Amino acid sequence: MKTLYRKFINATLLILGISIVIAFILANWVYMTSTKQKIDQQNVKIAREVASSLEHRHTTPHLGFKEYFESVSKLGYQIYVLSESGEEFFFGEPFSDKNLPAEAMKVIEENKIYHGMDDSPSRWLMMSHFANQLENTVGVPFIFDQEKYGLYLRPNNKMLFSDVHVIFAWFFVAVSIVSISGVIWLSKRLIQPITKLTEATREITRENFNYPLNIQRDDEIGQLAESFSTMQVQLQHNDESRKSFINNVSHDFQSPLMNIQGYAELLKTQELDEEHLEYVQIIDQESKRLSNLTKQLLLLTSLDQKSYPMKLGTTRIDTQIKETVRRHQWRLEEKEIEISYHLPPSPILVDPELIMTVWDNLLTNAIKYNQPGGSIFIRIAQNEGCLIITFADTGIGMTEEQASKIFERFYRVDAARKKGGTGLGLSIVKQIIELHNGSIKVESEIQSGTTFTITLTVEKQTEE
Amino acid sequence: MRVLVVDDDINIQRLVTIHLTREGYQVFKADDAEEALSLLEKQNVDLAIVDVMMPGMNGFDLTKILTRDWEIPVILLTAKDQLSDKEIGFLSGSEDYIVKPFEVKELLFRVAVVLRRMQRVYDSVIQAGNMKIDRSSFEVEINQETILFPLKEFELLTILASRLNKTTPRSLLIEQAWGADYEGSEQTLNTHINRIRERLRKHGASLEILTTRGIGYRLEELK
Chain C
256 MKTLYRKFIN ATLLILGISI VIAFILANWV YMTSTKQKID QQNVKIAREV
306 ASSLEHRHTT PHLGFKEYFE SVSKLGYQIY VLSESGEEFF FGEPFSDKNL
356 PAEAMKVIEE NKIYHGMDDS PSRWLMMSHF ANQLENTVGV PFIFDQEKYG
406 LYLRPNNKML FSDVHVIFAW FFVAVSIVSI SGVIWLSKRL IQPITKLTEA
456 TREITRENFN YPLNIQRDDE IGQLAESFST MQVQLQHNDE SRKSFINNVS
506 HDFQSPLMNI QGYAELLKTQ ELDEEHLEYV QIIDQESKRL SNLTKQLLLL
556 TSLDQKSYPM KLGTTRIDTQ IKETVRRHQW RLEEKEIEIS YHLPPSPILV
606 DPELIMTVWD NLLTNAIKYN QPGGSIFIRI AQNEGCLIIT FADTGIGMTE
656 EQASKIFERF YRVDAARKKG GTGLGLSIVK QIIELHNGSI KVESEIQSGT
706 TFTITLTVEK QTEE
Chain S
2 MRVLVVDDDI NIQRLVTIHL TREGYQVFKA DDAEEALSLL EKQNVDLAIV
52 DVMMPGMNGF DLTKILTRDW EIPVILLTAK DQLSDKEIGF LSGSEDYIVK
102 PFEVKELLFR VAVVLRRMQR VYDSVIQAGN MKIDRSSFEV EINQETILFP
152 LKEFELLTIL ASRLNKTTPR SLLIEQAWGA DYEGSEQTLN THINRIRERL
202 RKHGASLEIL TTRGIGYRLE ELK
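Taken in sequence, the protein lines are chains C and S.
Going by this note's numbering, the first sequence wraps up at 719, each residue one higher than the last.
Going by this note's numbering, the second sequence wraps up at 224, each residue one higher than the last.
A hint or two may mislead.
Computed beta-carbon distance windows for the label pairs [what the hints assert, rightly or not]: (1) S:180 - C:659: 47 to 53 Å; (2) C:507 - S:221: 56 to 62 Å; (3) S:2 - C:654: 55 to 61 Å; (4) C:643 - S:222: 32 to 38 Å; (5) S:167 - C:507: 55 to 61 Å; (6) C:568 - S:172: 48 to 54 Å; (7) C:526 - S:180: 23 to 29 Å; (8) S:195 - C:540: 30 to 36 Å; (9) C:597 - S:221: 25 to 31 Å; (10) S:195 - C:528: 34 to 40 Å; (11) S:172 - C:600: 40 to 46 Å; (12) S:195 - C:503: 49 to 55 Å; (13) C:696 - S:221: 41 to 47 Å; (14) C:659 - S:195: 37 to 43 Å.
So, partial list: chain C residues that the calculated Cβ filter (under 8 Å) puts toward chain S [stated by the list, open to error]: (15) 513; (16) 514; (17) 521.
Everything labelled a hint here was simulated from the structure, so no lab data went into it.
Predicted, not measured: the structure shown is a model, and the values here were computed from it.
Idealized CB from N, CA, C, for every residue including glycine.
The whole structure should be built from the sequences, with the hints applied where relevant.
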């Protein structure tokens, strides 16, 4: 959030900088191509007037011209006078550099005007206009008291930087300060609603659809906020209907299935001939399968949504597994399967609902494919930031080829077909374990048993 | 034992009733919470089986009233296999829950477990040798490994462990595990005792069951 804000200010400063550079280059170009000549000519004109008014003065020559130039310099000019005989006179502000090029000598020798302001090739920046150098002058010839002189002058820098210019400079500074702080304020105002929208989006991923936006604007951001609010309502509606659908499927499907199953089982206890008993068993099995299938398909559709919203919480998986065992205890007793476990307290950050499905599936399989009088052993081992959970049974086992395929969807080994398996259980298990960045392995030997090994990392996972 | 069944689905109500009656329970039926509560005014029950989704007062609220005001253990029937539901269930005080569709045998097992748990509040942990018996969770721990014994075997082992080094007569064992009016052969007891022996050996218990000829069995620590 800060970066966007910084970007705005950086961009403004950059634009300001670039525009200053471009404006300077343009102004320089204009100065070089036209302004410089105009200034030069203006100054030549002034110099000529100064010279000619001296020539036409009807004062006595013995008084000299010093007094005259002195008074002209006070009007804001720096003046240098050079006589034919090499006599030099300075008036007004002194020059910092008193070198004069050979070109300037032609004023006296050839009566040629010196354009020091325009011609100088070394000066290609308009700053040179303010260079306090003798070179940076215009020169005109004049005759005084029968002697040839050169008059070189340039306006004093103080005259060039008048009070008006200072006012303009301050004006410029004020404009920049106001516009920079304006940009800061504006970007703050612009970014605030964006931050709010980001927060609201985050809340939506947590299934909170009631985050208040309170953005009242008529610009594009206002429109965005408005459609965002509409989306919130729509999402909430979708979420509710999805949940109620799942609830309905669970309740309204399972209750009738429960009845079919229950009454089929009742029929089984009646005295039936073999054929009818078989029919009843089929009804019983298939209703069980249908009920499993509905549950698993519901789970699978939600898992398939690309980013399943995991509701992570610290969970004691040892108590979860014990709980699962307890729920299946009646079946274990019926099949005379002995179950033992070593489950030390193992808190871990997982989605409790999903991970419970894993234990349930693994235990159901271990019971379903066990042999009467067999046994099941469950263990949690803690190892360097990992939990290793093993489910070992003494069941019918699988061949290596079968074991390599059991995590595929709808794959069922022949035994599973007979026992009403859906072919989804283990693929769900695998998907859930992978969602938790864990791994699952299977080892199996035909007629002697199967062992599933799950590895989960305990290290604290962040919520994102 | 008297069991109250509260479910608005008549068919499930009937199904559960048939099986419970066959097992020898006395069953009372109610279609909703109100009927159940008015029935309780004139009839004592030992256990209630309550459906979660019912018109009117739901199963959770009924469970609260039954456990708090009547001190009746409750088994909840739920169609939603979701943790949040189970949590609400236990918070409202239910002893156990069963997810629909359940097999009737499952329900019968749970009913038996809950009723047994209700009967014994005393002395829930017994220690004998390297074996620990937890009577509230029906767990047997040997060498840091927990084993779930079948219910009958668990009962027998509990009696023997609570009378360590003392001989328990066969008749007492049969009465405790199967009930006073048990009519099966004594051979069944032998089979169960042999299975317990095998399990103790397999899991490395420092205990063994010895036969006192003509009288019964006793549990002793291995020397």
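Structure-based check of all given hints:
{"no.": "1", "hint": "S:180 - C:659: 47 to 53 Å", "in the structure": "holds, 51 Å"}
{"no.": "2", "hint": "C:507 - S:221: 56 to 62 Å", "in the structure": "holds, 58 Å"}
{"no.": "3", "hint": "S:2 - C:654: 55 to 61 Å", "in the structure": "violated, 49 Å"}
{"no.": "4", "hint": "C:643 - S:222: 32 to 38 Å", "in the structure": "holds, 34 Å"}
{"no.": "5", "hint": "S:167 - C:507: 55 to 61 Å", "in the structure": "holds, 57 Å"}
{"no.": "6", "hint": "C:568 - S:172: 48 to 54 Å", "in the structure": "holds, 52 Å"}
{"no.": "7", "hint": "C:526 - S:180: 23 to 29 Å", "in the structure": "holds, 27 Å"}
{"no.": "8", "hint": "S:195 - C:540: 30 to 36 Å", "in the structure": "holds, 34 Å"}
{"no.": "9", "hint": "C:597 - S:221: 25 to 31 Å", "in the structure": "holds, 26 Å"}
{"no.": "10", "hint": "S:195 - C:528: 34 to 40 Å", "in the structure": "holds, 37 Å"}
{"no.": "11", "hint": "S:172 - C:600: 40 to 46 Å", "in the structure": "holds, 42 Å"}
{"no.": "12", "hint": "S:195 - C:503: 49 to 55 Å", "in the structure": "holds, 51 Å"}
{"no.": "13", "hint": "C:696 - S:221: 41 to 47 Å", "in the structure": "holds, 43 Å"}
{"no.": "14", "hint": "C:659 - S:195: 37 to 43 Å", "in the structure": "holds, 41 Å"}
{"no.": "15", "hint": "513", "in the structure": "holds, 4 Å"}
{"no.": "16", "hint": "514", "in the structure": "holds, 5 Å"}
{"no.": "17", "hint": "521", "in the structure": "holds, 6 Å"}
Figure legend: structure checked against the earlier numbered hints; the only hint not met is number 3.
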